[in-house]
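Asks: Spelled out, the chains give:
There are 2 protein chains.
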Amino acid sequence: MAGQKGFTLWFTGLSGAGKTTISHLVEHELRSRGSKVEILDGDVIRENLSKGLGFSKEDRDTNIRRIAFVANLLSRNEVPVITAAISPYEALRGEAREVMGERFIEVYVKATLETCAERDVKGLYEKAFRGEIKEFTGVSDPYEPPKAPELTLDTEAHEAEESAAMVIAYLEERELIPPSLLEPAAAG
Amino acid sequence: MAGQKGFTLWFTGLSGAGKTTISHLVEHELRSRGSKVEILDGDVIRENLSKGLGFSKEDRDTNIRRIAFVANLLSRNEVPVITAAISPYEALRGEAREVMGERFIEVYVKATLETCAERDVKGLYEKAFRGEIKEFTGVSDPYEPPKAPELTLDTEAHEAEESAAMVIAYLEERELIPPSLLEPAAAG
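In order, the protein sequences belong to chains P and Z.
Okay, so the first sequence: first residue is 170 according to this note's numbering, each after it adds one.
Okay, so the second sequence: first residue is 170 according to this note's numbering, each after it adds one.
Only true hints are included.
Since the list gives no way to pick one copy over another, a pair counts as held whenever it fits inside one copy or between any two copies.
In silico DSBU-like cross-links for lysine-lysine, where the CA-CA straight-line distance does not exceed 35 Å:
hint: 1; residue 1: K174; residue 2: K316
hint: 2; residue 1: K303; residue 2: K226
hint: 3; residue 1: K220; residue 2: K174
hint: 4; residue 1: K220; residue 2: K303
hint: 5; residue 1: K205; residue 2: K220
hint: 6; residue 1: K220; residue 2: K296
hint: 7; residue 1: K316; residue 2: K291
If you're looking for bench data, these hints aren't it; they were derived computationally from the structure.
Next up, chain P with everything else stripped away, as it sits in the complex (with noise of 0.2 Å):
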């Protein structure tokens, strides 16, 4: 492959999908490879580029333009980039696949709220359920799965491994990786 490519794999989901977990398998298996990759996690773009922002739909709006224009900025420079903010806005999604075209992946990380709930990493949908937390995707604020994503990741049947696999399968087969360096461990 000559040079680098830049990409961004756009996930959405629900808060306990899985996002932010299978982002750093695939990161981790870029890295191996000698690829760059910059992940944009929801968490880090608040703090740093969107302190004071709250959860409302305005907000959250422009919370997303922030991250695709950032997004934009570094895979159209070839870097492969990840984000992994919820964004549970179809019409904003479509906004970020409209600035970037054909490098926007989007990468539908999927759980039903019952197994989030369950999961609750955060301890947020306890919160969330007992009304401490207004504007809580899934909760009481909305989420708009994607309508024809590139991938859906269903983390309910895989394991986070198997769907980082996936993740990788899709780039080699678009061939906007290098090869994996290792041989593929012998079966069995």
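Following the hints, position chain Z against chain P.
Replies: Just chain Z, lined up with the frame of chain P:
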């Protein structure tokens, strides 16, 4: 030169000093050499990353931190960046320098307030002197000149093209950019 090198040309100076003009000349020269480059202009960043922020010290600081965050993401991935915001405060430019280390190149685009006000490209100084714009750098808000910039471009003594050439010469000396594809023009 093997591969591209990342750096940030951090332009600082009063409104009207010449930051935008020189940044576009440098951009043009870099592109003509096959180099990548992104300009993070003050106005573009305010539109895309800092809408809603004003010009209080706190808001200016937040704006500059966001520019530094994005400049760091790009430059650590080998993308040359030019920032062209006033960035009036020494402390905040110091923060940006700390984040980017050797990749940070401070460029003082220097012109007196009188000259900038005479040029008054955007018609802002007239308004500021009439008191119609509050917190206008150099008039009703402080500008702290850099103490030890890597480069100083005196835009009263030099045309924009000469200033751009000084930036290019500096980058060549540090071997941060590819050589020119053109032979130097014969003198006389």
